[in-house]
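S.K.: Fit chain B to the known structure of chain A by using the hints.
Residue numbers (the numbering used here), protein chains in the order written: chain A, -13 to 213; chain B, 82 to 661.
Careful: at least some of the hints might be erroneous.
[Claimed, not checked] Heads up, simulated SDA-like pairs for lysine to any residue below, C-alpha to C-alpha not over 20 Å straight-line: (1) A:K64 with B:V127; (2) A:K142 with A:R152; (3) A:K64 with B:T291; (4) A:K107 with B:S119; (5) B:K205 with A:R85; (6) A:K107 with B:V127.
[What the hints assert, rightly or not] Computed from the model, here is a short list of chain B residues facing chain A with C-beta under 8 Å: (7) N131; (8) L194; (9) L446; (10) K641.
No lab work stands behind these hints: they were computed from the structure. Computed from a predicted model, the values in this text were never measured in an experiment. We treat Cβ as the ideally placed atom computed from N, Cα and C, and that holds for glycine.
Residue-level listing of the chains:
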Amino acid sequence: MSKWGMVIDLDKCTACQACVVACKAENNIPPGSPDETERQRVIQWMEIIPFTSGQYPDVRMRLLPRPCMHCENPPCTKVCPVRATMMGPEGIVAQVYARCIGCRYCTAACPYTVRYFNWHKPEWPAEMRNHLNPDVSVRPAGVVEKCTFCSHRLQKAREKARAEGRQMREGDYTPACVQTCPSGAMFFGDMEDPHSTVSELIKSPRAFRLLEELGTEPKVYYLSEGQ
Amino acid sequence: MEREDILFRPMEKTGRRFYISAAILGIVVLWAFYAYISQLRSGLGVTGLNRPVFWGFYITNFVFFIGISHAGTLISAILRITNAEWRKSITRSAEVITVLVLGIGGMNILMDLGRPDRVLNIVKYGRFHSPLVWDLVSITTYLTASTLYLYLPLIPDIALLRDRMNGPRRFIYNVLSLGWRGTDGQQRILQRAIAIMAILVIPIAVSVHTVVSYVFAMTTQPMWHSAIFGPYFVVGAIFSGIAAIIIIMAIIRRVYHLEEYLRPVHFKNLGILLFVMACLWLYFTLNEYLTTFYGAEPVHMKVFYSKFTGRYAPFFWLMVMTCFVIPSIFLVNKRTRTISGMVAASISITAGMWLERFVIVVPSLANPRLPYERGTYFPTWVEWSLMAGCFALFTLLYMAFTKLFPIVSIWEVRESRERGIKEIKERVREYLPGMEVLARDIMTRDVIAVTPETSVSEIGRLLASHRISGVPVVDKYNRVLGVVSESDVIFREIRHELTLVERLGNIILPEPRSEIERQGNTAGEIMTSPAVTAEELTPITELMEIFRERKIKRIIIVDKEGRLSGIVSRIDIVEAIERI
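Chain A extracted, bound-state conformation (with noise of 0.2 Å):
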């Protein structure tokens, strides 16, 4: 079985917004308007988040692409009340939005704030109206969403390898996050194969993951900065 995971090279990525675009486009997330932007209320299931150190002069901001960590032991499943989020068998946390009453105690409970919640019914201006993902459902008001990994790639990849009669390789399944990076800064594959890319990078001193002392054993790691 497959754990599907991701690398994310903080010293080539240049910050330049590419996947959270790349992932709005592909999830069907509305862009939000100005007004609910201000209300901090845009949803961003990849957002880059700036980390500040340091004191002016000798301030230092590293900014950080930041999509659900997947946590091997997520916080957020376990206090869901109707079983509308859970992880699958290959490490993905999926939401069911079928069965989800809008509690929004998973987006309390995640550590990392990656849940987001449709406060109301999702718009988009009429001529982006015609080009929604017909792969990915469009979630109605009242319920929380999250990044998936783009699951909906990988259940297309897999279809795509049984009908050509293979097994999955590497770069089969893709997110649009990781395809899109401009830089190459952003690796995907599955954990569990000790030869995949991202096995490899995660052996280099630089790896560490977000919140990593919580114990909920993200399953997106980063490189630091080298020098």
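M.R.: Relative to the frame of chain A, chain B by itself:
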């Protein structure tokens, strides 16, 4: 009987003031309903909630109202179990709070749901790992138990109303009174049922607020993930609950002229309880914040400082003022420990405890672990309206209850008046020195005693001439060795003349030694030894127990050294009881 008319009056007469206030409250409730409809139509976006402040007023209100619910049933059950006589005229008004407020607390969860239409998914797909499911289970259990606990002591009162009222209401009372006629059998069943519920309801109530706190404490969020939250929430709940009782009691006292039933002593007693809870609350608060501060973990400190000096500081310090400082001033000072002083303290506490819930829910969410932009939260008109609606609905339902059922338990107060003083006297006698009749007080002092050497025939003569049924046997130091009773003498006589079969038996099998010895001729030989004795300070109740267990006719009373000082016979007990 006439003095109880005041208790029936709210159900018999309804004045203009009632309708006016009901109309105003009704308008507020309708307005809140309108606000909720608009939230249903356009989603939770109409609230001020956002990311990361996913929870706001609704969850605050939920915790607040569930907290208030601890007043009624828990306090009433504790007072009932501890036989606090003064509770009888206040428990009903407290229990009603619980039942109503639990429903309103539950409603707040429903208001908070993004998809209230799917609420039954909790039953269909419930996951028992989720503290929200624990909440659902314990709150519904508590609601059921406290409704039953309100209803049971209401039955005799409903029967009183049934016998008093005419018209369609009589039919309702008839059904609800379950054919209560007040027979001994019914009384027994009712008392037993109430006693069972009173005990059952306490652990349920404690579990409810513990589980409510778990919703926060089970996550790893800064300043939520705290082991103290369970007891802290329970203490806060009882605290705010007592405050609510005091406010409501003062209102119904004034509106329905219940000065005779809700007296200053009730307020005083509750006020003392309130101050104890205020101290406990301060203690828990101190524990919670001191450990966070001393540990000084950065993510926790972000939340800590947002409460102490940051955006939420006004709320935090107002909470400290209203939960402890202001009420303490009123409650400690004897001159302000009046009903109005107590009500002022209670209003302050109610507001303070609401702030406490708010200061727990929002700042932790507003300061997430990762360096996002800090959350800000301003409730909108929808949230304010729904909150006002909750308070209005509670008041309205409470008013309706007072119009349907007596808010002071009539039969319990009546029973108290008839039997209370006697019961208390008996209870006090049980534990108060000097109240209990002792062996010393009822024993016969001039006791005819014999020595072991006294002959049996002499004893027989003593028994017959003094018309007594037994004599103690003492040594030369007056220490009791045993007792010789009529039956010992008779037994010896019978033994003396053995039957033919026994004689034959004795030839084949020699008699046991004791039997032979008993056939002696002196007191020492035939006495029962040791005698059943008791000390001079033994209470009469214990003597009665001895009589019952040993099936004897007299108890020899001895002093500390075991010397004979008197004798208590069964007739002495009867006479003593007669005197009481």
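S.K.: All the hints need checking, so say for each whether the structure fits it.
M.R.: Structure-based check of each hint:
no.	hint	in the structure
1	A:K64 with B:V127	29 Å, violated
2	A:K142 with A:R152	14 Å, holds
3	A:K64 with B:T291	19 Å, holds
4	A:K107 with B:S119	14 Å, holds
5	B:K205 with A:R85	10 Å, holds
6	A:K107 with B:V127	12 Å, holds
7	N131	4 Å, holds
8	L194	5 Å, holds
9	L446	6 Å, holds
10	K641	67 Å, violated
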